[in-house]
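Trainee: Just need the whole structure built from these sequences, with the hints factored in.
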Amino acid sequence: QSALTQPPSASGSPGQSVTISCTGTSSDVGHYNFVSWYQQHPGNAPKVMIYEVNKRPSGVPDRFSGSKSGNTASLTVSGLQADDEADYYCISYAGNHDVVFGGGTKLTVL
Amino acid sequence: QLQLQESGPGLVRPSETLSLTCAVSGGSIGDDIYFWGLFRLPPGKGLEWIGHIHYSGDTYYNPSLKSRVAMSVDTSENHFSLKLRSVTASDTAVYYCVRYRRFADYFDSWGQGTLVTVSS
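Order-wise, the sequence lines are chains L and A. Residue 1 is where the first sequence starts when you use my numbering, and the numbers rise one by one after that. Residue 111 is where the second sequence starts when you use my numbering, and the numbers rise one by one after that.
Hints are computed from structural coordinates only; laboratory data are not their basis. Just so you know, not all the hints are guaranteed correct.
Label pairs and their calculated CB-CB ranges [what the hints assert, rightly or not]:
id : chain 1 : residue 1 : chain 2 : residue 2 : range
1  : A       : D168      : L       : N44       : 22 to 32 Å
2  : L       : P7        : A       : T198      : 25 to 35 Å
3  : A       : P153      : L       : T5        : 17 to 27 Å
4  : L       : S11       : A       : E126      : 39 to 49 Å
5  : L       : G70       : A       : S229      : 42 to 52 Å
6  : L       : T25       : A       : S135      : 36 to 46 Å
7  : A       : S230      : L       : G79       : 43 to 53 Å
8  : L       : P7        : A       : Q111      : 33 to 43 Å
Think about it this way: if two alpha-carbon atoms lie no more than 25 Å apart in a straight line, the pair counts; the simulated BS3-like pairs of lysine-lysine are [claimed, not checked]:
id : chain 1 : residue 1 : chain 2 : residue 2
9  : A       : K176      : A       : K193
10 : L       : K47       : A       : K155
11 : A       : K155      : L       : K106
12 : L       : K47       : L       : K68
13 : L       : K55       : L       : K68
14 : A       : K176      : A       : K155
Some residues of chain A that are not near chain L, with every Cβ distance over 10 Å (derived) [unchecked claim]:
id : residue
15 : Q111
16 : S117
17 : P119
18 : G120
19 : E126
20 : G136
21 : G137
22 : Y165
23 : G167
24 : H189
25 : R195
26 : T198
27 : A199
The beta carbon of each residue, even a glycine, is placed where N, CA and C say it ideally should be.
Mentor: The following block contains the structure:
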């Protein structure tokens, strides 16, 4: 059982926006601004999309954005495209060099 | 451009030790701002963090695997390694080598992954 809770699935039509939640506790998500999000297409390695709650690495489209409120972090994908269909995972720093992670959300573009 | 390459046996017998090596190229394993680690993806399940190691040898493991995991680093060869003892079928997974950026606390580079199957 993963320490962070994500919905198993999410979906949206092309052009729409979808938000994926990631709920932790006051010891991880709620305490540190070190939440990151990863996209994984089947058969490929995960790729970081967001780090430090809302920062995008170079090359990641600004359609991807992150936020946090209390113990819940969120990833929003705007202007959905077919290639956004993938699994998404959240990870949070939890202190003492510990890392906690979510169970993943399968995003379907309808 | 950093590259991480996993190598190891594709098949391990139950109760034996799984050994994997992650070769680092395009960067130095001795760079202080990084940890080096592994994740795994069991079939039909989600990602699981295994642990990571600093070039100094300091290690940090997932508590659920800590009793069976050992990681080591070889700065002269620019690689790090995993040993997972007493494996069972539930250890069957794609194993990924990763680089962890300290102070920003995220995994910025991933290897392509290698499938390890535990079966007799």
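Trainee: Run every hint past the structure and note whether it holds.
Mentor: Hints, one by one, checked against the model:
1. For the pair D168/A and N44/L, the beta carbons lie near 30 Å from each other, so the given range of 22 to 32 Å is met.
2. Separation of P7/L from T198/A is about 30 Å and conforms to the stated range, judged on CB atoms against 25 to 35 Å.
3. Checked against the given bound of 17 to 27 Å, the beta carbons of P153/A and T5/L, roughly 22 Å apart, stay inside it.
4. For the hinted restraint 39 to 49 Å between S11/L and E126/A, the CB-CB distance of approximately 42 Å keeps it satisfied.
5. Between G70/L and S229/A the C-beta distance comes to about 44 Å, which sits within the given range of 42 to 52 Å.
6. For T25/L paired with S135/A, a C-beta distance near 38 Å keeps the hint of 36 to 46 Å intact.
7. With their beta carbons about 50 Å apart, S230/A and G79/L fall inside the hinted range of 43 to 53 Å.
8. For the pair P7/L and Q111/A, the beta carbons lie near 34 Å from each other, so the given range of 33 to 43 Å is met.
9. Taking the CA atoms of K176/A and K193/A, the gap is about 11 Å. The hint holds against a cut of 25 Å.
10. Proposed proximity of K47/L and K155/A is supported: the alpha carbons are some 18 Å apart, at most 25 Å.
11. Of the supplied pair hints, the one linking K155/A and K106/L holds, its CA atoms being roughly 11 Å apart against a limit of 25 Å.
12. Distance check on the hinted pair: K47/L and K68/L sit about 20 Å apart at the alpha-carbon level, within 25 Å; holds.
13. Between K55/L and K68/L the alpha-carbon distance is near 12 Å, which keeps this suggested pair within the 25 Å criterion.
14. Pair hint K176/A plus K155/A holds up; C-alpha atoms about 20 Å apart against a cutoff of 25 Å.
15. Annotated as non-interface, Q111/A keeps its C-beta farther than 10 Å from every C-beta of chain L; the closest such distance is 12 Å.
16. Non-interface call for S117/A relative to chain L: holds, since the shortest CB-CB distance, roughly 15 Å, exceeds 10 Å.
17. Every Cβ of chain L is farther than 10 Å from the Cβ of P119/A; the closest lies at roughly 20 Å, confirming the non-interface assignment.
18. G120/A, annotated as away from the interface, keeps every beta carbon of chain L farther than 10 Å; the closest lies near 16 Å.
19. Listed as outside the interface, E126/A is consistent with that label: its C-beta sits roughly 26 Å from the nearest C-beta of chain L, beyond the 10 Å cut-off.
20. G136/A, annotated as away from the interface, keeps every beta carbon of chain L farther than 10 Å; the closest lies near 15 Å.
21. Every CB of chain L lies more than 10 Å from the CB of G137/A, the least distance being 16 Å, so the non-interface label holds.
22. The beta carbon of Y165/A sits about 15 Å from the closest Cβ of chain L, which is more than 10 Å, so the claim that it is off the interface holds.
23. The claim that G167/A lies off the interface holds: its Cβ sits roughly 14 Å from the closest Cβ of chain L, which is beyond the 10 Å cut-off.
24. Every Cβ of chain L is farther than 10 Å from the Cβ of H189/A; the closest lies at roughly 18 Å, confirming the non-interface assignment.
25. With a least beta-carbon separation of about 21 Å from chain L, R195/A lies farther than 10 Å from that chain, consistent with its non-interface assignment.
26. Non-interface call for T198/A relative to chain L: holds, since the shortest CB-CB distance, roughly 18 Å, exceeds 10 Å.
27. Against chain L, the non-interface label of A199/A holds: every CB pair exceeds 10 Å, the least being about 19 Å.
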